[in-house]
Amino acid sequence: MSDAGSDTPAVVEDRTSELQSGGIALRIAGLHKSYGDREVVRGVDVEVQAGECFGLLGRNGAGKTTIIEICEGYLNRDSGIVEVLGEDPQSPSPSWRSRLGIVPQDMQVPPSLTVRETVRMFADLYTHSRGVEEVLGLVGLEARSSSRVGKLSGGEKRRLDVALGLIGDPQIVFLDEPTTGLDPEARRGMWAMIQGLKDSGVTIILTTHYMEEAEVLADRLVILAEGVVAAEGTFAELQDSLGGRSTIAFRISQDNASAGLVPPLPNVVVASGAATQIESQDVTADLMSLLTWAKTEDVTLGDLTVTRESLEDLFLSIGRPEIDDHEREVSR
Amino acid sequence: MSTLTMVGSQTRYNLIASIRSGTSIAVGIIMPILFFIGASALFGTEALGGDQPVEVRGAGEVADLRTFYVGGFMAYAIIYTAFVTLLPELVEARETGFLKRLRGTPLNLWTFVAAKALIVLAMCLVSVTLILLIARFAFGVQTPAVALVGIAAYLLLGCIMFVTLAFGATSIVRNVSGAQGLSNALGIALALISGVFFAPTLLPAAIFDVASWLPLQPLANGFQALYVTGASGVNIELRDVGVMLGWTVLGVVAIAVRGFRWQPRQHR
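So the protein sequences, as listed, match chains S and A. Residue numbering for the first sequence follows this note's numbering, starting at 1 and increasing by one per position. Residue numbering for the second sequence follows this note's numbering, starting at 1001 and increasing by one per position.
Incorrect hints may have been included.
Here are the simulated distance ranges between beta carbons [stated by the list, open to error]:
1. S:134 <-> A:1042: 55 to 65 Å
2. A:1022 <-> S:192: 50 to 60 Å
3. A:1174 <-> S:150: 18 to 28 Å
4. A:1174 <-> S:30: 31 to 41 Å
5. A:1021 <-> S:134: 22 to 32 Å
6. A:1189 <-> S:150: 26 to 36 Å
7. A:1021 <-> S:30: 45 to 55 Å
8. S:43 <-> A:1153: 54 to 64 Å
9. A:1149 <-> S:150: 36 to 46 Å
10. S:34 <-> A:1149: 53 to 63 Å
11. S:228 <-> A:1210: 39 to 49 Å
12. A:1153 <-> S:185: 20 to 30 Å
13. A:1174 <-> S:283: 27 to 37 Å
It should be emphasised that the hints constitute simulated quantities derived from the structure, not laboratory data. All values reported here derive from a predicted model rather than from experimental measurement. By construction, the Cβ of each residue, glycine as well, lies at the ideal position given by its N, Cα and C atoms.
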């Protein structure tokens, strides 16, 4: 304590690293939730480290929004443990909400206010908010700051949603399907913005039904299906555990095809005419054999591609669209 | 951010949004004033007996119908701003998810109620002032200076009562059209039986007796009592104040018991 003066920068650094590497930002254990007699969350366990970008994937009705709204304090759970920033969202301390950033799916703000007025209005609700202009810059809405909210495009509206979620300088941000309904360009813009947010060290809980989005943004993810965790891990881990098959495709000349040349590999599943596909469990070894064969036989491999079976396909096979999130009983 | 600054900021931006959207000004200010002008010009004339004194319950008589209308339409303007437009506005904010979004911030219910009440108060102040000016310069109805104290007191009490009732009533309506239907029906029905458009002596006594226990009549009566012939001093009607306080307490209890719902009832 006596040499606190000289140590100040180091102390600050320590706290930052502790926040980023230590500490659990969100913990869910044995979570259950029913609407009437329909159980939409059936025993979910999730842990998210501080500073992580965590993806929650699932089809519509898989239970994503229910889980998120329980974490945000909007819904009461039936049973289980939920801790967000060390507190139970059902009985949080008064300051808890000021440490949360919520970017909801479908919530309007008054259309007659300008972008800047709206952000300022929300900034005034926090004791320590970020600067209005800073946040507008962060989400790329500086040029639109004097426009009425009602005049914004879908992508701009989403950016405003994010701005309102960030204005209170939160420790954890819930992004609920941030790119649903956006065109591809706006989606990429949003991804870049979320990437920037990740780099700043904020914990992010991202729900999405776009596999590609989870691949780009999430450090770790779970796939929910019918209210339970169907798979969990990093994107690569999920890909390995769920499948890991790749397809090697190429085309040989008509002459070679007529000559009946077939590569000496076990899983040549399609060999119709000149176009050939090989299902491969070990791409490196199979490619090696294929190239050796091509060289020996003097075959030219046209349009050679290697594609990994997309996680999206597997994801779709997991999440059957049975439970839909329609009527919902909502807490106050 | 202190609570006071938060109330100030909420008031400011909700007021801007309200003014720009225009509905609350049209329904809460312009319409009551047009009705006031129309009623005074049409029925306040000598030909239709508008120059005869009109009885004010428990207080005496006002000089003529035009004088009676001043008090009645101040009350009418207040119920239209503080209840008839506020209730659907709150329900719309709830059903579009704006309230849910506010709920995700450190904002608490009473800060929000206070901001809404301040906006209502500001708008009612405008309509009451306009009614007083129009009464004075277009219809020659003088407002005694001492009556301004009473007008201010009833204005404040009336706004608080109807704002708490509007918040309380949000729990019984599911959607915006339901809220509009309910608030307009109540607004018109109450105005008809509370001595706003015509003298209470024209109503069956039983109906007027019931009305005197409902929220609008005591407010109208309180205003009208300030204009009775021979009135002196501030002249507050305690029974009217008591009934209004009762309704205010009921509104607060409704919010406390039924809870104020921040989240949409209808899943969109």
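Hint check results:
1. A beta carbon spacing of about 59 Å between residue 134 of chain S and residue 1042 of chain A agrees with the range 55 to 65 Å that was offered as a hint.
2. For residue 1022 of chain A paired with residue 192 of chain S, a C-beta distance near 38 Å fails the hint of 50 to 60 Å.
3. Take residue 1174 of chain A and residue 150 of chain S: their Cβ atoms lie about 25 Å apart, and the range 18 to 28 Å holds.
4. Between residue 1174 of chain A and residue 30 of chain S the Cβ separation comes to about 34 Å, which falls inside the hinted range of 31 to 41 Å.
5. Separation of residue 1021 of chain A from residue 134 of chain S is about 29 Å and conforms to the stated range, judged on CB atoms against 22 to 32 Å.
6. The hinted window of 26 to 36 Å between residue 1189 of chain A and residue 150 of chain S holds, with their beta carbons roughly 34 Å apart.
7. The hinted range of 45 to 55 Å is satisfied by residue 1021 of chain A and residue 30 of chain S, whose Cβ atoms lie roughly 46 Å apart.
8. At roughly 60 Å, the beta carbons of residue 43 of chain S and residue 1153 of chain A sit within the given window of 54 to 64 Å.
9. Take residue 1149 of chain A and residue 150 of chain S: their Cβ atoms lie about 43 Å apart, and the range 36 to 46 Å holds.
10. Against the hinted window of 53 to 63 Å, the Cβ-Cβ separation of residue 34 of chain S and residue 1149 of chain A comes to about 58 Å, which satisfies the hint.
11. Restraint check, residue 228 of chain S to residue 1210 of chain A: a C-beta distance of roughly 59 Å breaks the suggested window 39 to 49 Å.
12. One distance hint, 20 to 30 Å for the beta-carbon pair residue 1153 of chain A and residue 185 of chain S, is violated here, with the actual separation near 60 Å.
13. For the pair residue 1174 of chain A and residue 283 of chain S, the beta carbons lie near 58 Å from each other, so the given range of 27 to 37 Å is not met.
When each numbered hint is compared with the structure, violations occur for hints 2, 11, 12, 13.
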